Every structure is written in structure tokens, then in C-alpha cells.
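Q: Top to bottom, those sequences are chains A, B, C and D.
The first sequence begins at 1 in the working numbering and counts up one residue at a time.
The second sequence begins at 1001 in the working numbering and counts up one residue at a time.
The third sequence begins at 2001 in the working numbering and counts up one residue at a time.
The fourth sequence begins at 3001 in the working numbering and counts up one residue at a time.
FYI, nobody ran anything at the bench for these hints, they're computed from the structure.
Hints should not be assumed to be uniformly reliable.
Claimed, not checked - Some residues of chain B that are not near chain D, with every Cβ distance over 12 Å (derived):
1) Ala1063
2) Arg1126
3) Ala1137
4) Gly1150
5) Pro1184
6) Pro1233
7) Ala1235
8) Asp1241
9) Leu1243
10) Arg1257
11) Gly1314
12) Pro1342
What the hints assert, rightly or not - Taking lysine-lysine pairs in the DSS-like style, the calculated list, with each CA pair at most 27 Å apart, reads:
13) A:Lys295 <-> A:Lys318
14) A:Lys260 <-> B:Lys1219
15) A:Lys247 <-> A:Lys282
16) A:Lys219 <-> B:Lys1318
17) A:Lys165 <-> B:Lys1165
18) C:Lys2251 <-> C:Lys2311
19) B:Lys1306 <-> B:Lys1165
20) B:Lys1306 <-> B:Lys1260
21) A:Lys219 <-> B:Lys1260
22) A:Lys306 <-> A:Lys219
23) A:Lys247 <-> A:Lys306
24) B:Lys1293 <-> B:Lys1306
25) A:Lys219 <-> B:Lys1306
On a predicted model such as this, the values are computed, not experimentally measured, just so you know.
Built from N, CA and C at the ideal position, the CB exists for glycine as well.
Okay, here's what each chain looks like letter by letter:
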Amino acid sequence: MNFDTAWKAGIQGRSGAENMKAAKQGSAKPATRHDDSSELLSLLRHMWVIRAFEEKVSALYAAREIVGLLHLGIGQEAVAVGVCGLLDTDDLVYGGHRSHGHAIAKGADPNRLMAELAGRFTGYCRGKGGSMHIVAAEAGFVTASGVVGGTVPLALGAAFAAREKGAGRVAVVFFGDGAGQTGPFHESLNIASLWQLPVIFVCENNGYAEFTPLSAHTKVERLAQHANTYGIPGATVDGNDILAVRKAMGRAVDNARAGKGPTFVECLTYRLRGHYEGDPGKYRELSQLADWKKKDPIARFTRVLKRRRAASAGDFEKAESDARALVDAAAEFALSSPWPEPEETATQVCA
Amino acid sequence: MNFDTAWKAGIQGRSGAENMKAAKQGSAKPATRHDDSSELLSLLRHMWVIRAFEEKVSALYAAREIVGLLHLGIGQEAVAVGVCGLLDTDDLVYGGHRSHGHAIAKGADPNRLMAELAGRFTGYCRGKGGSMHIVAAEAGFVTASGVVGGTVPLALGAAFAAREKGAGRVAVVFFGDGAGQTGPFHESLNIASLWQLPVIFVCENNGYAEFTPLSAHTKVERLAQHANTYGIPGATVDGNDILAVRKAMGRAVDNARAGKGPTFVECLTYRLRGHYEGDPGKYRELSQLADWKKKDPIARFTRVLKRRRAASAGDFEKAESDARALVDAAAEFALSSPWPEPEETATQVCA
Amino acid sequence: MPELSYLEAIRSGLLAEMRDDPSVYVFGEDVALGGPFGVTQGIAEELGSHRVVNTPISEGTVMGVAIGAALSGLRPVVEIMFVDFITLAMDQLVNHAAKLHYMSGGQLRVPLTVRVQCGVQGNMGAHHSQSLESWFLHVPGLKVVMPSNPADADSLMRDAIRDDNPVLFVEHRGLYFTRAEVPEGGSGRAMDRAAVLRSGTDVTVAAVSRMVAPAREAAEALAAEGISVEVVDLRSLVPLDVETLVNSVRKTSRLIVVHEAVEQGGVGAEVAARVQEQALYYLDSPILRVAAPNAPVPCAPPLENFFVPDKERVVAAVHRTLASQPA
Amino acid sequence: MPELSYLEAIRSGLLAEMRDDPSVYVFGEDVALGGPFGVTQGIAEELGSHRVVNTPISEGTVMGVAIGAALSGLRPVVEIMFVDFITLAMDQLVNHAAKLHYMSGGQLRVPLTVRVQCGVQGNMGAHHSQSLESWFLHVPGLKVVMPSNPADADSLMRDAIRDDNPVLFVEHRGLYFTRAEVPEGGSGRAMDRAAVLRSGTDVTVAAVSRMVAPAREAAEALAAEGISVEVVDLRSLVPLDVETLVNSVRKTSRLIVVHEAVEQGGVGAEVAARVQEQALYYLDSPILRVAAPNAPVPCAPPLENFFVPDKERVVAAVHRTLASQPA
Ligand SMILES: Cc1ncc(C[n+]2csc(CCOP(=O)(O)OP(=O)(O)O)c2C)c(N)n1
Ligand SMILES: Cc1ncc(C[n+]2csc(CCOP(=O)(O)OP(=O)(O)O)c2C)c(N)n1
Ligand SMILES: [Mg+2]
Ligand SMILES: [Mg+2]
């Protein structure tokens, strides 16, 4: 898959889903393979889009242009892009309350996503969903959920259907370390292993569930250990290293497509902002935050690319500035879009 | 603890709880210790009471003197007696849908238990509970439940309260292999390990949940593996060997009382009757049943005692005949007891 | 027209849809072997074991799996063995199945059928005997049907599976072995509409599920006294066919609602609220509810018998409503 | 008399009981740090961190732990951060907490308080905005209270903790920062009784929780038109104080019930059913419900605003009921 096509198309105003579709025409399988320079640069660009998108969201929230309960994934972009970069549009992704990045990485149209967050009729869900409940069906981002752990079973269902249809599709679910203590998560590991479903569990272990560190939620240090109990291959990787994520994910996708069942990919990462926008974050040491800022996945990957001479200084700058332009356009699209009519409140309750 | 006192007292018509209380006056701690002959014989006697009780229940059910949904533990008596024989009255035990034996082993009065199954006002729950919902508070058998896995979290709460009160009490919960796939079970393992609660998980792995073998419910062969993931000491023992159960349980009780947290005791066993009374049991091979009959925990322990010359032939016979007499008396008590008045239906809804 | 038991009729409706549509799958505990009551017996043998999927005891996740499969184009039928255990699947059913069509602004659909078995039968006690259907009236996005007889069981099952929304299909254990004729190929769409089973002029008795039988028996008995009772089988709780009820009440001026669920917060409350709203001035006496007392379900036979409303209680309520007049 | 916010008043009631009784423990996600809204802030510091127990995200099991602790003599207060997530704890709450006293024939008691936060506030969408209290009317063995103001929040919290039954204490997020005077030491027992907040002669408006405010505003506005509205704050949903409502309706002959939960299957249905049963002949017009439309809670501001009933809708309902007459 070549992100660049998508990227450029995106700039030219095509919807994310169209982009991804276009991009995936020439999608080479298997997912595990050597990445060339342009592909690497495109990963960086996608991380930048997510970063710029969420920084814009944060600014709009501060300006009260966007309201609601917002959970940003700033600092976790390497997971979203590392994972989704290896998927096709019709692979199905499920997210959670912190999923703007997952949806964008899967090819959701930033315009419609921003409009959704801004509560506009042009949003993916006509403003009915909101930040924690993103659905971008055209891009294969099936749904997020405000219920921690809520989408894990759903992804199993998608994997079940995919397997029955025999199309080689995979299902992926993103969830946090906090979700790792929920019953449905454990029931899901069991069923996924029992039925050998083509599902990939992507745990974004950012060390905190709301204000409480993982160590106060469980004695199990690596959530991948649970997968191992079920015989599900599980790896714990540095989630701020996009190439490490991509490597683990590549194996997972290949296995799933080959009918070899589920994989668990635990990505150690950190959210650089509060649990939600407005969270004063008093439960974390500033020094911890500073340490993790040094591991910022974008800066870090930029250094890698520089070292590999995979792109020029201009490319790096352009990656960021293009992303900001794209996102500015998205914000403009969103804020100039119409609100839903109040009467929409009671429509679409039943199909 | 000396079961014999309890046993004799029981024959003399004291309630099970009184028996247990009397018996436990001289309770020697720690629970891990060498058993003398009379203690061993008393274990056998208790297994016989449970066996005789359930065979009587089965006969009364066939005669339609007892109605309801009945799950018998015939063949699993070594677990009930092996576990509860090491507990004091104020240690708290929780059971499930197949818990007649657990309650008796914990010291419940067979009369009031039988009356409960027969729906009489003299039953522990005045006929409101029934077979799957035994409560014998006086004996420290807190509650069973018709919800598979439902009591596991409750036992944690008992353990939490015990720890806060600092009385060195332990909580024990019996559950089946089928319960091992429920979310609350997994959430409970996590919390028990996180808070280091004095709770003992006793899994009666009888290989089936209703009509489905364990292998069709999970890929995890030994449920104790889940405990290990949480750092909870877990042992899998031959659940038809009462001494093996007692040994593992002794360590568990000592640990819990010493503030060393939870233990998981998985007992491999088999139910010699259908899932419920009336289950034709077509899903099991007759040969499998025959094999397990050879491992009948009562016959087996009798052979051990014979080998050790721990009792005379007369003792063995008397163990059975006394049990049958006790249970006949319980049946007579139950069936001659009054029914609850219909108006009782809407009483005791609130305390 | 073959005579089928209610249980066989459920299977007949299910099997008809499964034969027609390869995207219909069954999920549940022990379903491959037919489940504890035998509803799904023989389906795996006929249509392949991949279509009838045994699950671990993980109600919440299994519900989620079925929803996820529905989002991917299957039409799953998930069985919750006793409605008492739907308590373990409420998040998935309420927060996900019912809402995703709406929350996605119409992007998603959840064509899911949830089979639950409910009610008092056989002294099973408080964890295997509840009737909880009224909770789901309060969950926008769900439909709820509750057949009282084999023909409706067959038709409503077909309708439920074909519906593009999540439908809760509530079976009563106490009806499983009641038999009646069931038209081959189904008796036509039964969903969304109540059925007037007996027409009458003095009192309307609206009943649900197993309570339809005592309502009819009461009507029979009262006819002998010269009291003419109109009997309505609600059948569909969501949507609730208020129109049929209001039309009936305009004629009879009196209404009694009969259900086995406990009275407080039961379906009867919503029926009473809606009917008095639309037909207050036609009412000659208060709408009465004949329902279980506000208690958990007891186990012992005399208590269980007392718990469940019967013909006598319906008859008494009819007498009461006829005697009622302004103070 | 100090002025407290609703949130502070909840804490004040809780803290008073915790100081008095060392068997009161708090369980919940992030509660040691006060939870996301700060209700339990400072309690661990004052009374020891063992009394305020942070839990993993395991609502069902945490509910069970609290029940088990209650069975062992503690008086736990468990917090479910959003009522939307009580869907994950329904088995423990419904099948165990509510029933064990009954099922044990009185051997067991469950002195448990469940704090849940509900309602629409802040565009949080369908998974963080529901009002689900009416489900629990249908669960015998549970009590349900729903304070609308700081003084009641304080008193009802004390009452709930002292009660020997499981009590669902329903907080509205939209009220957390409303302030009013709260008598020191509590304002006396508030449980089990509705409160008549304003007396009137033309129409009774019974409201719950945050809807009490628009009911009062409507009464104010209508007074200017010469319409005299009696405002009743239901406050306790189980037991429901039907007597106060019936007495009011005997006077006013008209009733409107206002709640934020969706209309169908809501508390208004039970209120309507009970009041018409006991006071039909006093009613001059149908009992009306002012409630949310039957839809999940939408996120966007114009939709969310439309979803929640307001003063205007209450006023319109009053006009409607006054205009209503036989066809
Ligand atoms: C079932 C449920 N319980 C509680 C919450 C409140 N809540 C929202 S986010 C969160 C923490 C989640 O932690 P984690 O899974 O690690 O995800 P992160 O926020 O770190 O991305 C909690 C407890 C919820 N949304 N759902
Ligand atoms: C939550 C729940 N789901 C389903 C059932 C129906 N059911 C009763 S017993 C049982 C099997 C339990 O198996 P296991 O835990 O191994 O106990 P065993 O019957 O073997 O003693 C099932 C599925 C139930 N009672 N509770
Ligand atoms: Mg986290
Ligand atoms: Mg078993």
C-alpha cells in the first residue's frame, strides 16, 4: 500500500476513503516486507496529519468552537499509523474513546471527521456520534465506543464474518491498558483463540487509565501475557517507534490473512496530553512528561529518516506544513458546515 | 478441626452449624498438618453424607416429592469435603448452582437444606431460595447462585471485609470450569491479586459445562494458568483424591490467613450424573462415565484408608449407613414440614 | 396445516430463514446440540455446524460478537439461555446494538435477533424465572416481540430475522410444549401489530405471552356470566400497537393489562400511560394491571403459584373494573 | 447554614456517614483522587486511603465485591462513573444485591449504596448521557433516589447509607455545580417521600432530578398568566410516594410528569399508571409526560438541546392539559 497517493489525493480534496481506495489499488501483500523511502515518508506524513488534526481540535476546544468530551492521542500517533498503514480499506478497524488518530490512519476523511467533532450535519454521523463514537464506514473504520473495552467483542464479530466470507479480510481493535482489566476483553481473548479468528488486538498501553497508573489496576505488567495464556502470539513493542509497531503488525496481518488466527500487539506509549481536554493532569510528574516528550514518535521517526537519508529537510517541513494546511481546511469545512436540524434528534432511531 | 464431633452431634440431631461450631472449638492451626486416623475417617463420613443426601434428593425428585432444577455433585464430594474440612465456621464460603455438597461440607444442617430443596417453610430460605440458591449463614455458607460465575466477585468482597476486620478469616468460592470463561471470573482474578485478598478460588473442573466439553469452551487446558498470569499461586490437583485436595487447600488457607493473598486450587473431577436431574446425558460416552466411576472419590478414599488400616470394615459400613440414616431423617423432616404460606411471596423483599 | 409446539414453531421460523439466507447464523451456549430445550436441534446437521455456533459462557462478549457480525452483513440470531443472564449482556445490547444505527448517522445497521427465554416454570427460582422485557421498552433502537402461540412464534421469528434492527424475541418457557396449528410458510407479517383474539364490548383485556391463555380463559368464564370481554394479544411491545388498544377501549371503556413480569415498571405501566393519554375520556374506570407482585421469583411451589397471575385473578380484576365508579 | 454545591453536598452526606461509621467504604474508578468530578476528593486524606478504594475498570466485579463486603457487614458505597456503565454491572445489582435478602429468606442483608451519575450535560453523546433509573423500578429489592438539590443530596446520601437495602443513588451531572443552602447535620430523613415544592391548584407538575428546575421555572412563568401550578419533586422513585401525588391530583385534577429519560418505559409511565388507578375520577384531562424523545442521546449541541425537556416544553404541556376536554 502506498500512503502517498492517498496523501496527495487528500490534499486535492478527495475523501479519505477515496484516497485509501486509490492508494490501495496496487497494495502489495504480504504486509511484512521492506519499506522503501517514499513509503516511510508517507508514514511520517500521516502521523503529521493526525498530530495537526488533534492540535487543531485542542485549539478549537479551547476556543469553544468544539464542545464535548475529547480524548486526544497526541504522542500515540505511531501506533495508529503503524497499524493502519498495513491494512486495506475493507479490513475492519474498531476503536475506542481516543480514536481520532485511528480513524484518520484508516483513511477517514479529515473534513467529515472534523465536522463530526464540531457537531455538524456534514460530519460522518451527522453530529449524532461525536468524538468518542466515530464511525467512518466508507474507510473501514467501523466504530469507536465510549464504553472502555466495548468494541473488543465487536471486532471479533467482524473477524468471524470475514472468515465466513472467506475474503482474507482482517479485523483490528484498538484499546487501552485500562481496557485490559475488563471482563469482555478477557472473554474476547478466549473466543478469538478458540475460534482462531482473524482479529488483531492492538493494545495502546499508555500506562494510565484516566488518573490511575497501570500498576494500580493490575499486577500484570505486560498485557500481552494474557494473550500468551490463550496461546495467542503476543508481542510487546515500543509503541513510539513506528517501525517496531509496523513490524509486529506486519506479522499479525500476515498470520490473520493466512488463517492462522489472532495476534496481540501491545504498544508501549504515552499520551502527551491530559486524559481528556481540560484534565489538569496532576497525577503525573512533569519529569515523566518531559521524558516522554523526548520520545515523541514524530520527532523520533524524523530522526530515523534523517539518519537513513530517506528524505530531504524540505520533505520534513512539507510533511508538517501540508498536514497543517489539510487540517486548517478541515476546520474551515467543519465550522462553515450547517448544524443538524433539531428535528434530526429523533430520526434514524430504527433502520 | 475434628469432623467427628460434628458428625456425632449431627446424628444426635444438632444443626450442622452447631456441629461445626462445636467441632471447631479445638481447631488446630495451621491447616497444613498431618491428619490422624479419626480425622481421616471423619472426612469419609462427610463424603458419605453428601453422597447419601444427593442420592436421596435424586430419588425424591424422581418421585416428584422435590421439584425444581437440580444439579447434583455426585462424584465431586472429595472437593467439597477436602476444601471445607480445613475451614472454620466463620470462614466464608460461596458456591454455585451445584452446591448441595459445599453447603453440607461447610456445616449446613441437612434437615434445613433438604427442607429448602423441598420448598418448605423450615428450609434455610423458607422455600424462597431453592436448590441453586442455598444460603446457610449460620454455617458460614454465605450464598450460592444460579448465575454461573456470579459468586466469584462476592467472595472477593467477603475477603476484603475479612481483611479489613483483621480477623484472619478466609473466603472461599467454588465454581466450575465453565465459569472459567466468564468475564467476572477474570476481573476477579485481577482484583484478588491486585489487592492480595485472602480468597481461595476452588475450580471444580469436571470437564463439562452443561453438554459441552471444556475443549469446546477454551484452548486453555488448565484454568490455573490464568491465576499464574496474575502471579496467584495455582495448583491443579486430582479432585477425586481428597488428600490431594486437602493438601493444596491447606497451603492455600495458611497463605490466606498469613496475609499472603489468594490461591487458586483447580480440582480435576467428574460429575457422575447428568448436568441436571433429567439430563439424558447423550453428549458423553458411556465408557468415559465407566472410567470415572472407577475413580469414585468415596470408594477410592475407602481403599486408601483400608490400605493405611485407618479404620475397620465396620467403620466403613457404619460411615455409609449412618449417613443414610441421617439423610432419611432429613427427608422426613423436610417432607413433614409445612409449606410456606402463599402470602410469604411478597414478604422480605426489603430488609 | 401442521400442528407444532411453540418450541418447534420457533425452530420452524428460524430454519425457514436459515435455509433462505446463508447469512443467518445462530450463536449460543450448547446450541449446536439444540440447547437445553431443543429449539435449535437438528439445524447444524441440516445446514452445517458452522451455522450453529456453540459459545463459551460469555454472554456479554457473545452478544458483542453477534453485533459485530451483524455490522459486517451477517444476520445473527443469538440465544441467551435465560433472560436473567441478559443482565450480563446489557452493555452490548443497549449501548451498541440499539444505538449504533443512530449514532453512526445511519452508516451502520444491526440486523440482529436476540432470542431470550423467560418466565416462571418449574420452580427454578429467582435466577431462572424473570420477565424483564419492560426494560427494553426504554431502549430506543430495539424492537421487542413476545409471541403467545406457535403461529406467532413462527411468524415473528421470520419477521425478526428479516428486520434490519436488533429485535429481542422473548420466548416463554412455560409455552414451549403448547401446540397449535401453524400455517406452512408462515402466517404473514405479525410484527408491529397486536392481535385481537376475541371481540367483546364490556372490558378489554390486553395480555402478553403466557398470560394470553388465562386472559382467554377468563373471557370464556365471564361470558357465562354475561360479561363480554375483548382479548388483545399485545405480541409486539416495541413498537407498541397503541392504536388497536385505543380502538378497543373506545368500544369497551375499560382496560386491564395482564403480564407475568412484576407490576412496578412493567409493560402495563406504559400501556396504561399511553391509553389514558389517548383515550381518557372514554374510560369508565381506571386501567388495572394484573401482574406479579413486586418481589423476586420464589422457588417453592405454593409461592411460585401465587406469584404468577392466573385466570381467577383476571376474572377478579374484571369484576373490580366493572364495579368501579366515582367515589 | 452553609451554601454547598450539589456535588459538595453529596460529599458532605457521604463524609458524615463515613466519619460516624467505620464500616462505610467507597469503591470506584479513580475515587481515591476524587473521581473525574471530585465528589470523593479529600476523603482518603481525612479517613485513610483504605476507606476509599480505587478499582480497575471492572464494573461488574466491583459491584459484586461491594455486595460481598456488604454481606460481611460493611456498608459499601460503590461509584459507577456514568450510569451508562451500569449495563456492565446489572447481573450483580439485579440478581444478587436486590434479591439476596429475599432469596435467603431474610438471612442476608445488603446495605449497599450505588452512586451513579446520569444525564445529559456537555455533549458527551450516547454512551455518557443516559438516564436509566426506570429500569430499577422493575427490580424488586432495590430502592432508588434521585436528588434534585444540594439539601436533598446530602440527606438522601445519609439515608441511603443507613438503609439496610441496596439503594441506587442517582446524581445528575448537570446539577453538580448548582448551589444552595444545606442544613448542617442533614435536613432530616428525605427518603421514601416526595416533596411538594410549590403549592398550586390548577395543575400538578411532578418532576425528577434536573427536571425540577424547568418545572419550577414553568410554574413561575405560568403564575404570571394566572395559572396556579403545584410542583412536586418525586425525589424517591422506589418506593414511589403515590400518596402525595394522588393528594395533589385530587386538588388540581391534572398531572404532568417531567423527566429527562426517554418517554417510553420511563418513570412517567409508572406514575401515570399508579395515579390514574387511584385517582381516575378526579382527572379532568389525561396525564401527560414531558420527557426526552425515544432516541439515543445525540452529541451535537442543537440535537442535545432539543433532546432535553425545558421550561417551554413544560409550559406547553400545561397549556395542553388545560385545553384538553372530551371530544
Ligand atoms: C466501561 C467504562 N468504564 C469507565 C469509563 C470511564 N473511562 C473513560 S476512559 C477511562 C480510562 C481508560 O483507560 P485506557 O483503556 O488505558 O485508555 P486511555 O484513556 O489510556 O487511552 C475510563 C475509566 C468508561 N468510559 N467505560
Ligand atoms: C451466566 C450464566 N449463563 C448460563 C447459564 C446456564 N448454565 C447453567 S450451568 C452451566 C454450565 C456451567 O458449567 P460449569 O461452570 O463447568 O459448572 P458445572 O455445571 O460443570 O458444575 C450453564 C451454561 C447460567 N446458569 N448462568
Ligand atoms: Mg491507558
Ligand atoms: Mg463443569
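Q: Hint by hint, say whether it matches the structure.
A: Do the hints match the structure? See the list:
Under the 12 Å C-beta cut-off, the non-interface status given to B:Ala1063 relative to chain D holds; the minimum distance is some 25 Å. For B:Arg1126, the requirement that its beta carbon stay farther than 12 Å from each beta carbon of chain D is not met, with the minimum near 4 Å. Not every Cβ of chain D is farther than 12 Å from the Cβ of B:Ala1137; the closest lies at roughly 4 Å, contradicting the non-interface assignment. The claim that B:Gly1150 is not at the interface with chain D is violated, since a C-beta of that chain comes within 12 Å of its own (minimum 6 Å).
Not every CB of chain D lies more than 12 Å from the CB of B:Pro1184, the least distance being 5 Å, so the non-interface label is violated. Non-interface status of B:Pro1233 relative to chain D is upheld: no Cβ of that chain comes within 12 Å, the nearest being about 21 Å off. B:Ala1235, annotated as away from the interface, keeps every beta carbon of chain D farther than 12 Å; the closest lies near 23 Å. For B:Asp1241, the requirement that its beta carbon stay farther than 12 Å from each beta carbon of chain D is met, with the minimum near 30 Å.
Annotated as non-interface, B:Leu1243 keeps its C-beta farther than 12 Å from every C-beta of chain D; the closest such distance is 30 Å. No beta-carbon of chain D comes within 12 Å of the beta-carbon of B:Arg1257; the shortest separation is about 16 Å. The beta carbon of B:Gly1314 is kept farther than 12 Å from every beta carbon of chain D, the shortest such distance being approximately 39 Å. Non-interface status of B:Pro1342 relative to chain D is upheld: no Cβ of that chain comes within 12 Å, the nearest being about 15 Å off.
Taking the CA atoms of A:Lys295 and A:Lys318, the gap is near 22 Å; set against the 27 Å cutoff, the hint holds. Only pairs whose Cα atoms come within 27 Å are accepted, and A:Lys260 paired with B:Lys1219 is accepted, the gap being roughly 15 Å. With a C-alpha separation of about 35 Å, the suggested pair A:Lys247 and A:Lys282 falls outside the 27 Å cut-off, and the hint is violated. Taking the CA atoms of A:Lys219 and B:Lys1318, the gap is about 50 Å. The hint is violated against a cut of 27 Å.
A C-alpha spacing of about 57 Å is found between A:Lys165 and B:Lys1165, which places the hinted pair above 27 Å, so the restraint is violated. Pair hint C:Lys2251 plus C:Lys2311 holds up; C-alpha atoms about 23 Å apart against a cutoff of 27 Å. The straight-line distance between the Cα atoms of B:Lys1306 and B:Lys1165 is roughly 44 Å, outside the 27 Å bound, and the hint therefore fails. Of the pairs offered as hints, the one joining B:Lys1306 and B:Lys1260 is violated, with about 37 Å between alpha carbons and a cut-off of 27 Å exceeded.
For the hint linking A:Lys219 to B:Lys1260, the alpha-carbon distance of about 15 Å falls within 27 Å, and the restraint holds. Taking the CA atoms of A:Lys306 and A:Lys219, the gap is near 39 Å; set against the 27 Å cutoff, the hint is violated. Distance check on the hinted pair: A:Lys247 and A:Lys306 sit about 20 Å apart at the alpha-carbon level, within 27 Å; holds. For the hint linking B:Lys1293 to B:Lys1306, the alpha-carbon distance of about 19 Å falls within 27 Å, and the restraint holds.
This hinted pair does not check out: A:Lys219 and B:Lys1306 have alpha carbons roughly 46 Å apart, beyond 27 Å.
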